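K.L.:
Going line by line, the protein sequences match chains B and Z.
Note that our numbering numbers the first sequence so that position 23 is 23, with each residue one more than the last.
Note that our numbering numbers the second sequence so that position 47 is 1047, with each residue one more than the last.
Each hint can be trusted.
Simulated crosslink set (EDC-like; lysine to aspartate or glutamate; CA at most 16 Å straight-line):
1) B:141 x Z:1028
2) B:72 x B:101
3) B:140 x Z:1028
4) B:117 x B:80
5) B:141 x Z:1032
Derived CB-CB ranges, DEER-like:
6) Z:1026 x B:50: 10 to 20 Å
7) Z:1049 x B:22: 42 to 52 Å
8) Z:1002 x B:98: 12 to 22 Å
9) Z:1035 x B:95: 33 to 43 Å
10) Z:1035 x B:54: 17 to 27 Å
11) B:105 x Z:1026: 24 to 34 Å
12) B:98 x Z:1038: 34 to 44 Å
13) Z:1008 x B:44: 34 to 44 Å
Honestly, the hints are just simulated from the structure, not real lab data.
If you're wondering where the values come from, they're calculated on a predicted model, not measured in any experiment.
We put the CB at the ideal spot given by N, CA and C, even for glycine.
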Amino acid sequence: MANSTTEKATDKTKPAPAEAVNMMSVLAPALGWLIPGAGHVIQKRWIRGLLLFVSIVTLFVLGLAMQGRIYKANGGDILDMLGFIGDAGAGALYIVTLAADWGQGAIAFATADYGTKFMIVAGLLNFIAVADAYHIAIGKKQ
Amino acid sequence: MTITLNHFSAATVFALFASIVFGITHRETTREMVRYGLYCFVMFLGGVLVAGWAMWLVRR
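Looking at chain B on its own, in the form it has when it is part of the complex (with noise of 0.2 Å):
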């Protein structure tokens, strides 16, 4: 009796068991920061990817067609380190717009600052979606 009693109280301290990393749980993620939406495609939430794809591909381009800037590494200013984690989010685009130098923001248009955030955004978007990716591989969400 006394037995069961310590059982019982053991099974609700026990740790839940680690969940199990698999070669999906890595790979899914890091395709997915590389290409937004790829890391659902690869496993098989075809529509879902695409959405992704478009929605974060899209608003990224916009950006750069507004004329946004584009954060480097170096920034030396803490909001610009900020800009570079959220453009870094956007993988390829980001290394794609570094490499072309597009990206330099024009002060002569106004919508110039909408495309930088556009761009941020996109970035921090993939972020989320990297997360589900790795959700899904996981088994944590269908």
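Given chain B, put chain Z in place with the hints provided.
P.N.:
Just chain Z, lined up with the frame of chain B:
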């Protein structure tokens, strides 16, 4: 190529794409995703309109 959007159209585009991502990532079933996405979209645009009118009132 340069695209020039006014404040409201920029906010609408932003709300649309952010809502799609929020809907997909924050809910489990397709139905819930659509409902939550629509909810976010309405809240984004509603917030823009409320803030716009509030600023108009403050300015007067």
